[in-house]
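Q: Here are the chains, one letter per residue:
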Amino acid sequence: DIQMTQSPSTLSPSVGDRVTFTCRASQNIGTWLAWYQQRPGTAPKLLIYDASSLQSGVPSRFSGSGSGTEFTLTISSLQPDDFATYYCQHYDSSPYAFGQGTKLEIK
Amino acid sequence: QVQLQESGPGLVKPSETLSLTCTVSGGSISTYYWSWIRQPPGKGLEWVGYIFYTGNTNYNPSLKSRVTISVDTSEKQFSLKLSSVTAADTAVYYCARHSSHSSSFDNWGQGILVTVSS
Chain U
1 DIQMTQSPST
11 LSPSVGDRVT
21 FTCRASQNIG
31 TWLAWYQQRP
41 GTAPKLLIYD
51 ASSLQSGVPS
61 RFSGSGSGTE
71 FTLTISSLQP
81 DDFATYYCQH
91 YDSSPYAFGQ
101 GTKLEIK
Chain S
108 QVQLQESGPG
118 LVKPSETLSL
128 TCTVSGGSIS
138 TYYWSWIRQP
148 PGKGLEWVGY
158 IFYTGNTNYN
168 PSLKSRVTIS
178 VDTSEKQFSL
188 KLSSVTAADT
198 AVYYCARHSS
208 HSSSFDNWGQ
218 GILVTVSS
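The listed protein sequences correspond, in order, to chains U and S.
Counting from 1, one number per residue, gives the positions in the first sequence under this note's numbering.
Counting from 108, one number per residue, gives the positions in the second sequence under this note's numbering.
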C-alpha cells in the first residue's frame with residue numbers, strides 16, 4: 001500500500017503570509033494527488049486535483065505542484081478563512097490513502 | 108449542484124453491524140463512482156471503499172472482510188454495511204462522489220457520527 005506523509009503537522013502563520021505544505025508518497029504516484037481543506041465540524045473540500053489543477057470555485061491563491069513522490073500545496077497570501085486542516089490524498093491505486101493532515105493555527 | 112446526505116443509526120453495539128445509506132439529490136447517480144470515507148474523532152481520514160453505479164466495488168483491504176457497499180440506482184442511494192464493529196469503528200462516516208475526471212472526491216455529504224458502544 002502507498003503511504004502518504006505530510007509535514008509539518010501544524011503551522012502558525014499570519015494573515016498575508018505565503019504558506020507551503022508538503023506531502024510525500026511512499027512510491028511514485030505520478031500526479032494522482034488531491035488536496036483538501038477541512039474546517040472543524042465540516043466535510044473536507046476539494047481544492048486541487050491531479051496535483052496542480054484547481055477545482056472549480058476555489059480561489060486562485062491556492063496552487064499545487066509536484067509529481068512522483070513529492071508534492072506541495074501553496075497559499076500565496078493567507079486569508080482568515082484559510083485556517084483549517086489540509087489533507088493530501090493519492091488515487092494512484094487502491095487502497096486510496098490520505099496524509100495525516102497539516103493544521104493551520106492562528107498565530 | 109449534487110448533494111449527498113448520510114443517514115442511519117448514530118449508535119451501534121459492539122459486534123453488531125453498522126448500516127448507513129447515502130442519498131444523492133440534484134444529480135445523477137449513474138456514470139459516477141461513489142465512496143465511503145471515515146474519520147475517527149480528532150484523527151485523519153480513511154477511505155473505506157467505493158462502488159460504481161453498475162455495482163462494481165473496491166474495498167480497503169484493512170476492512171475488506173467486514174465491508175459491503177451496495178447501490179440502488181432507482182432510489183439514487185448507496186449503502187455501507189460494516190460488520191462485527193468495535194470501538195475502533197467509532198467515527199464520522201462520509202459519503203462522497205468521485206470526480207468525473209479522477210478519483211479525487213469532489214462532493215461530500217455532511218457526515219454522520221457513528222458511535223460503537225454498549
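By construction, these hints were calculated from the structure, which means they are not laboratory data.
Glycine included, each C-beta is placed from N, C-alpha and C at the ideal position.
Any given hint might turn out to be false.
Unchecked claim - Using C-beta positions, here's what the derived DEER-type ranges look like:
{"hint": "1", "chain 1": "S", "residue 1": "Lys120", "chain 2": "U", "residue 2": "Ser77", "range": "26 to 32 Å"}
{"hint": "2", "chain 1": "S", "residue 1": "Glu182", "chain 2": "U", "residue 2": "Glu70", "range": "39 to 45 Å"}
{"hint": "3", "chain 1": "U", "residue 1": "Ser67", "chain 2": "S", "residue 2": "Ser126", "range": "24 to 30 Å"}
{"hint": "4", "chain 1": "U", "residue 1": "Arg24", "chain 2": "S", "residue 2": "Leu118", "range": "37 to 43 Å"}
{"hint": "5", "chain 1": "U", "residue 1": "Gln100", "chain 2": "S", "residue 2": "Thr161", "range": "30 to 36 Å"}
{"hint": "6", "chain 1": "S", "residue 1": "Ser126", "chain 2": "U", "residue 2": "Gly68", "range": "36 to 42 Å"}
{"hint": "7", "chain 1": "S", "residue 1": "Glu182", "chain 2": "U", "residue 2": "Thr10", "range": "39 to 45 Å"}
{"hint": "8", "chain 1": "U", "residue 1": "Ser67", "chain 2": "S", "residue 2": "Ser122", "range": "42 to 48 Å"}
Q: For each hint, tell me whether it holds in the structure or not.
A: Outcome of the hint check:
1. Lys120(S) x Ser77(U): 26 to 32 Å: violated, 50 Å
2. Glu182(S) x Glu70(U): 39 to 45 Å: Holds: the Cβ-Cβ distance is about 44 Å, inside 39 to 45 Å.
3. Ser67(U) x Ser126(S): 24 to 30 Å: With Cβ atoms ~40 Å apart, the hint is violated.
4. Arg24(U) x Leu118(S): 37 to 43 Å: holds, 38 Å
5. Gln100(U) x Thr161(S): 30 to 36 Å: The hint (30 to 36 Å, Cβ to Cβ) holds, given that Gln100(U) and Thr161(S) are roughly 34 Å apart.
6. Ser126(S) x Gly68(U): 36 to 42 Å: Holds: the Cβ-Cβ distance is about 40 Å, inside 36 to 42 Å.
7. Glu182(S) x Thr10(U): 39 to 45 Å: Roughly 43 Å apart at Cβ, these two residues keep to the hinted range, so it holds.
8. Ser67(U) x Ser122(S): 42 to 48 Å: holds, 45 Å
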